Amino acid sequence: MKKSHFGKGFRAQLPLQMMVLPGIIFMIVFCYVPIYGIVIAFKSYSVTDTIASAAWVGLENFRIAFSDKFFWESVVNTLAISFLKLLIGFTAPIILSILIFELKNGWFKKVVQTVSYLPHFLSWIVVGGMLLSWLSTTGIINELLVGVGILDQPRNFMIEANSYWLIAVLSDVWKEAGWGTIIYLATMSGIDPTYYEAAKMDGATKLQQIFHITLPLMKFIISLMFILAVGGLLGSNLDQTLVLINPLNASHAEVINSYVYKVGLAQGDFSYATAVGLAVSIVSLILVLVTNKFTKKMNDNKSVF
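Residue numbers for the sequence shown follow the working numbering, so the first one is 12 and each next one is one higher.
Keep in mind that the hints were calculated from the coordinates and are not lab data. All of these numbers come straight from a predicted model, not from anything done at the bench. Keep in mind that a hint or two might mislead.
[Stated by the list, open to error] Between beta-carbon pairs, the in silico distance windows are:
1. S174 / V301: 29 to 35 Å
2. W67 / F222: 54 to 60 Å
3. I136 / L177: 20 to 26 Å
4. M38 / I293: 19 to 25 Å
5. G48 / F222: 44 to 50 Å
6. I49 / Y206: 48 to 54 Å
7. D163 / L226: 31 to 37 Å
8. F222 / S292: 33 to 39 Å
9. W67 / W190: 41 to 47 Å
10. V87 / K211: 48 to 54 Å
11. F222 / Y272: 51 to 57 Å
12. L98 / A210: 25 to 31 Å
Each residue gets a CB set at the ideal place from its N, CA and C atoms; glycine is no exception.
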């Protein structure tokens with residue numbers, strides 16, 4: 012009976028099933044089949060070999076990676092930039108979405124939303140060119156800082172290694188904060204207005220309404236976004252790095268993704284790059300599981316997964 016019922020349901024939904032089929036095939040071909048390539052991390056692979064014919068070297072690629080000072084330098088840069096992005100970039104969309112939600116003027120609210128979304132649609136090539144212009148010795152940032160007396164003379168911030176982390180974080184927040192408000196605004200639009208009306212009748216201020224109504228009712232989606240953000244701690248933006256890195260700031264700009272990209276593609280050491288990528292993926296999975304367990308306690312033992 013169950014098989015018959017399943018067959019009838021499947022036939023009844025056949026047009027919908029056929030629409031899903033291309034997506035399933037795409038996922039299998041491009042997401043699951045390539046998993047076999049992970050074995051390269053345990054082999055000495057080159058373009059003249061096949062994956063099957065390459066010689067096994069066990070954990071040798073991992074040993075080389077973990078003894079490479081340039082790898083650990085990229086790890087430090089990745090963690091520093093990612094933690095700053097997590098601290099600033101994770102909270103910025105939440106604060107911005109609350110500010111937009113509290114706007115009462117309809118047309119002005121739409122204008123603010125649209126303006127905040129726009130940077131997301133700019134490629135990092137365009138943003139990188141803007142930053143190179145703005146942060147040069149003749150750029151607008153130097154003109155402003157010198158004009159108000161913060162700097163005595165102009166500085167080219169893009170060639171200062173110590174300035175890179177802040178540049179990377181703030182430029183990423185400027186580009187993505189507006190786009191990140193979409194999911195929070197959608198969540199807030201579903202909050203029952205009677206909660207706010209009751210709070211007003213009880214004399215609650217706007218801040219009290221935000222802290223006792225808005226944020227508590229958003230904690231589930233905030234937890235989900237936090238888990239995803241923590242899971243991506245070791246996956247700094249490759250596009251941003253390739254655009255902004257230069258020989259003078261490389262000591263602070265090189266991240267794991269760009270390091271793997273250079274070693275794997277530029278130098279052709281595919282086994283080494285795969286080993287590093289596999290190690291990063293394992294650590295990221297552990298971070299996701301640990302963060303999920305942590306947020307579960309904050310959500311009355313309810314997991315977002």
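*How does the Cβ-Cβ distance of I136 and L177 compare with 20 to 26 Å: does it lie in that range?*
holds (21 Å)
*Using the C-beta atoms of W67 and F222, is the stated range 54 to 60 Å upheld?*
holds (57 Å)
*Note whether the CB distance of G48 and F222 lies within 44 to 50 Å or breaks it.*
holds (49 Å)
*asked:* 48 to 54 Å was suggested as the range; check whether the CB atoms of I49 and Y206 agree with it.
replied: Since the Cβ atoms of I49 and Y206 sit about 49 Å apart, the hinted range of 48 to 54 Å holds.
*Between M38 and I293, does the beta-carbon spacing fit 19 to 25 Å?*
Taking Cβ atoms as reference, M38 and I293 lie about 22 Å apart, which means the hint holds.
_Beta-carbon spacing of F222 to S292 - inside the hinted bounds 33 to 39 Å or not_ = 37 Å Cβ-Cβ, so the 33 to 39 Å window holds.
_Given a hint of 51 to 57 Å, does the C-beta separation of F222 and Y272 actually sit inside it?_
violated (43 Å)
*Given the range 41 to 47 Å, decide if the beta-carbon distance of W67 to W190 lies inside it.*
holds (45 Å)
*asked:* The hint says 25 to 31 Å between L98 and A210; measuring C-beta to C-beta, is that right?
replied: holds (30 Å)
*Consistency of beta-carbon spacing, L226 to D163, with hint 31 to 37 Å*: For D163 and L226 the Cβ distance comes to about 43 Å; the hint is violated.
*asked:* If I claimed the Cβ atoms of S174 and V301 lie 29 to 35 Å apart, would that claim hold in this structure?
replied: Distance hint for S174, V301 holds at roughly 32 Å.
*Take a look at whether the Cβ-Cβ distance between V87 and K211 falls inside 48 to 54 Å.*
holds (49 Å)
Consistency note: the structure conflicts with the earlier hints numbered 7 and 11.
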